[in-house]
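**Q** The lines below spell out each chain.
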Amino acid sequence: MNNSLLVVLVASGIAYGTPLLYAALGELLAERSGVLNLGVEGMMLVGAVMGFWTVQRLHAGSGISLVAAVLVGALAGALMAGIHAFLVITLRANQIVSGLALTIFAGAAGLSSYLGNDLNLADNPARHNFSAVFPASFQRWPVVGPIIFGQNVLVYFSWLCVVGVLFYLTRTRPGLNVRAVGESPAAADAMGIDVVKYRYIHTLVGGAFAGVAGATFTLAITPQWVSGITGGAGWIAIALVIFAFWRPELCLVGAYFFGGLQALAPELQARQIHLGPTELWTNSLPYVMTVVVLVLASASGARRRLGAPAALGTPYVREER
Amino acid sequence: MRIERRLELPRWRIVAVPAGSLVFAFVFAGFVLLATGHDPLSTYRQLFDAAFLQTGALGQTLTQATPLAFTGLAAAVAFRMRLFNIGGEGQLYIGAITAAAAGLYFGTSGGASAFAILAMVVAGAAGGAAWALIPGVLRAFFKTNEIITSLMLNYVAGTLLTYLVFNTESYWRETSGFNATVFPTSKTLPSSAFWPGLTIHSQGVILIPLGAGIAVLIAVLLWVLNTRTRFGFEVKVLGDSVRAGRYAGMRTRRKILAVMAISGGIAGIGGASQVGDFSHMLDADPNGLQKQYYGYTGIVVAALARYNPFAVLVVAFLIGGLQNAGNTLQGPDFPSGLVGVLQGIILFSALGGELLVRYRVRFRRGGAASVAV
Amino acid sequence: MSATAVTAAPPGAAVAMRGITKRFPGVVANDGVDFEAAPGEIHALLGENGAGKSTLSNILTGLYRPDEGEVLLYGEPVHFESPRDALDAGICMVHQHFRLVEPFTVAENVVLGDHRDEGGAFVLRRSEIEEKVGELSERYGLAVDARAKVWQLSVGEQQRVEILKALYRDAKILILDEPTAVLTPQEAEVLFVTLRGMVAEGRTVIFISHKLHEVQAVADRVTVLRGGRSLGTVLARDSTPRSLAALMVGRELDDVLLRGSGAAGREPGELVLELEDVWAPGDRGEPAVRGLSLAVRAGEIVAVAGVAGNGQRELAETIAGIRAKTAGTFRFLGKALQGGDPREAIGAGIAYVPEDRLGTGVAPSLSIETNLALKSYRERSLSRGPLLRLGKIREGAVNLIRRYSIAAPGPAAAARVLSGGNLQKVVLAREFSGHPKLLVAASPTRGLDVGAIETVHSYLRQAAADGVAVLLISEDLDEILLLADRIAVMYEGAILGEFSSADADVAEIGLLMAGGGRASDEN
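Residue numbers (the working numbering), protein chains in the order written: chain A, 193 to 513; chain B, 235 to 607; chain C, 112 to 634.
Here chain A stands alone, though its shape is the one from the complex:
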């Protein structure tokens, strides 16, 4: 039963979806404050390489190494986001160009590769990695075994993050404030909310999430360093935020759905199942669906209900005189 296609897909969807989920939560926080950051892929790769470096070079036990690695990955991601934040918030640069520049700067042909090379990380597999926490007997339980008990700590922690972000945005004052900043910075400013501070914090935290997402690759999914290891997951994460209507709980659903799609093509092939041009539609479906969702969301009237932050992508200038 645990080998049935559906169970395998859900289980691996959760595993592959976890980095997407972290990255999407981070991007969601930044976008909710009005900052579009297209540099997710770059931030993830730098988080991935720095997390991996920590685990390789820190001579400590498995637990401490891994926690430190995740923290270093988060810090690295936040640092990268800091560049974008400074350019687009303080200097009011074009958010699209700055985000793409960040991807080029930090991405597969940039800083992450430079660091991976200079720190000699490509040769060895990870000394420690996240693996399933529950004993094997739990994992043999039907259905819930592989799906719930077969996962690593990063998966469980991501659930906490979803709940935390959801609670933060909908049930707290700072959450209300950040939504106001993304929706109408002029209104927020008039009520004494520091727009610049809120945008900086959420862009940086967003980068930290992206860093953790990257570290999920090098510490859990494929515990090694290869240049460009994220393979475009950062772009899917950007799509995911839209797909989820800027809501954290839907990010979770979407991440596992997109993650499951990634596992679908090889699974179908292994089982000799042919469903049309499998590779074509499983790989492009996340993007096509995001386009469809965007079109539906842009229909008049729907915009308000679906929650795209109104000030997304626009700098805030208090005094234009």
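Because the hints were derived from the structure by calculation, they are not lab data. Computed from a prediction, not measured in an experiment: that's the story for all the values here. Among the hints, a few may not be true.
To be verified - Chain A is nowhere near these chain C residues, computed Cβ spacing over 12 Å in every case:
1) 194
2) 214
3) 224
4) 256
5) 382
6) 398
7) 452
8) 578
To be verified - Which residues of chain A face chain C? A few of them, derived with a C-beta cut under 10 Å, are:
9) 249
10) 324
11) 327
12) 329
13) 359
14) 363
15) 365
16) 372
17) 382
18) 383
19) 385
20) 502
21) 506
22) 507
23) 510
The beta-carbon is built from N, C-alpha and C at its ideal position, and this holds for glycine as well.
Fit chains B and C to the known structure of chain A by using the hints.
**A** Below, chains B and C alone, put in the same frame as chain A:
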């Protein structure tokens, strides 16, 4: 620190900012190199040699610069109207696919055929334009944000490209021969569909690809279009204020569709040039053309060139040199990733420098004295 | 100033601003302004547009820092670095353009940014704040549902939310910027009652306006600003609209200026614009122009009077072709027009001076010559086939700049560097250069200084004298009385009544502006 908009733009800064960003990027990256135990001066000399001076370097740089010129021009023409088409990447793939089909269909063995080449250019332009019209139509009729849709379609195009050669026995895939049974590959074009180049004998042989000539021609046409025509006038107005354009009776929708088609068409010819000038086949390997990121780098090129078509050519050449050097110097004694880091820093400082052009930065202490910079 | 008595400031002023000077590049917005308001009074800040009222209130709310001068609150000097400092000091402002987050509920907007009980205020307790906001709105008679989303509210209700925001923070000083521009006279009356209730509790209300009558009706004292200087403070009950007007404009006004000269001997010509039962949607799709009929003849100025937001903008845009009508007939010089196409309107000879000058009227970053050719670039004289004749465009621009004496660095300078008055001259020069048959002018003098207003008025009069049909849309009744031959009052998308300017009765017009006289309206 406070930032005020300048009322008048000082002319000298328009040149000084990109030049300054370049210098700043090299100095800053120099410190990074120093800190990580490399000698910046010798690294830069290596870089410069490999980009422009070595035997054959200029030809290789042109190989890199040609696609960047196309994607840069494609981005520049759209961004000028504030249509953020970041789908140049995908439009280039689709252009390569359609141009390869045209080349395979119309090509024959023998010398270069003007007809086959023209068919490839037209097919590439049509393919790229059609792909760009998807976000264009969505933007014009449903007001869907073109940034994300064009970005998403890049991945669909990449998947399609790979699929056509790797996962299905399509028109493009080589099915005969020993190699084809071992590793999936695309058919090679018949020789009459190979684009001819202009050979210059200087420091070895420099081949100027036909695509580079087409890019220069397009740049001239775009310049005329921008500055001398009613179309360019309307695009300029709509780029500054859509409301003003509509008020003046300009057809916004048509302009969105036309500009997206032109932008995608140019990127598509870039794809055609990849097939006709360089690979002579459809490079569908996920680690081949798709790892070059010509489309994204083209946006960087366009931004650095401040969307001026002639400046795009110059910047494409410089960035192409950088890319070429990065490819040539790959190896243990050259820091990998340095090229991306350099490009990133150049762009960051150009973006930051833009602020100096548009705004005046004032530092004030205690609300009393203010110092203008 | 000599004509009016200046009262001494009462002791213990809530707000005292002394010698405030604020300079912007090219202008001195405030030049040694003195201003004082006492606790428990409604204090009007009266002045023409450009007199420095907004700058002064922006200094008081911490948005700008003064170059010179000091601000005292209850006798203590204060230095605001940001709006937050001013908020914490108990100063709240209701801006002309509301600062509300549209997808949020009323209650969420009210508590937004509130940080008084730090720590315990981390968690947002919805029902608690909704209850609190509900109580508050009941106590001050500000009827609005705390759970409603702001975008669903009417403009008047949104204004109440803004006032609730101030009351929730227990603001001691409330500044309202032109609050009645969006209200009917009746709604304004309700607002005045609320404001009186607030000052009865010892709060201070600063009421910014350029409308003489309402300043008289609501204020205890009035401070008049002109050209960035304060001209003194008078008791409202001791002043008359005439004395205030004289102070505000800086000279005695004769009757001709207060009441227009009417058609002044002009014979209205042929019928130019005819609208019959026209319907057009607003931005949210709701009908904004509702069965409107109107006619304008050559050589006459017809003014549409009304409170902002009654479909005037939509009407102007429908005539200019920017907005498509959904029903009704639209005839121009006897010929039916389809509408919904600006190019058709321009071709027919309809010129339009939009309310939104910088953004619609001109493309702000583009050159003045581009903006002057914005509509004519398609014509034979400026283009040959798809190509532009750049030399001709330059030549035409230089001519227009000279003819309309536009103060500009040159034809290639960006439009945004121009002052409001010169910007409006660019728009007028372009519109008149198309030799229009009809000119639609929407709030053409909003935000301009006195000199520029007079220039714009003279161009409108000249146009009518030259046989152009002029449709003036304005919220400023004084301007309408000054210019119009006929006055049509617009309310909720329709014309409720028409008057010739000779027998126009301000009271009756005011009643119609509030929808009085239409029985079916009380819903």
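**Q** If a hint holds in the structure, say so; if it does not, say that too.
**A** So, going through the hints one by one against the coordinates:
Look at residue 194/C: its CB is around 6 Å from the nearest CB on chain A, not clear of 12 Å, so calling it non-interface is violated. The claim that residue 214/C is not at the interface with chain A is violated, since a C-beta of that chain comes within 12 Å of its own (minimum 6 Å). Not every Cβ of chain A is farther than 12 Å from the Cβ of residue 224/C; the closest lies at roughly 3 Å, contradicting the non-interface assignment. Under the 12 Å C-beta cut-off, the non-interface status given to residue 256/C relative to chain A holds; the minimum distance is some 18 Å.
The claim that residue 382/C lies off the interface holds: its Cβ sits roughly 37 Å from the closest Cβ of chain A, which is beyond the 12 Å cut-off. Every Cβ of chain A is farther than 12 Å from the Cβ of residue 398/C; the closest lies at roughly 16 Å, confirming the non-interface assignment. A cut-off of 12 Å between C-beta atoms confirms that residue 452/C is not in contact with chain A; the least separation is 21 Å. Under the 12 Å C-beta cut-off, the non-interface status given to residue 578/C relative to chain A holds; the minimum distance is some 40 Å.
Because the smallest distance between the Cβ of residue 249/A and any Cβ of chain C comes to about 38 Å, over 10 Å, the interface hint for this residue is violated. Checking residue 324/A against chain C: minimum C-beta separation of about 35 Å lies over 10 Å; hint violated. Checking residue 327/A against chain C: minimum C-beta separation of about 38 Å lies over 10 Å; hint violated. Hint on residue 329/A is violated. Least Cβ distance to chain C is approximately 41 Å, over the 10 Å limit.
Because the closest C-beta pair between residue 359/A and chain C is about 9 Å apart, less than 10 Å, the hint holds. The restraint placing residue 363/A at the interface with chain C holds, with a minimum CB-CB distance near 5 Å, inside the 10 Å limit. Taken as an interface hint, residue 365/A checks out: its beta carbon lies about 5 Å from the nearest beta carbon of chain C, inside 10 Å. Checking residue 372/A against chain C: minimum C-beta separation of about 5 Å stays under 10 Å; hint holds.
For the restraint placing residue 382/A at the interface with chain C, the shortest Cβ-Cβ distance is roughly 4 Å, inside the 10 Å limit, so the hint holds. Given the 10 Å rule on beta carbons, the hint for residue 383/A holds: about 3 Å separates it from the nearest Cβ of chain C. Against a cut-off of 10 Å between C-beta atoms, the interface hint on residue 385/A holds, since the closest Cβ of chain C lies about 4 Å away. The restraint placing residue 502/A at the interface with chain C holds, with a minimum CB-CB distance near 8 Å, inside the 10 Å limit.
Taking 10 Å as the C-beta cut-off, the interface hint given for residue 506/A is violated, the closest approach to chain C being about 15 Å. Taken as an interface hint, residue 507/A does not check out: its beta carbon lies about 15 Å from the nearest beta carbon of chain C, beyond 10 Å. Taking 10 Å as the C-beta contact cut-off toward chain C, the hint placing residue 510/A at the interface holds, the least distance being around 7 Å.
Comparing the model with each earlier hint shows violations of hints 1, 2, 3, 9, 10, 11, 12, 21 and 22; every other hint is respected.
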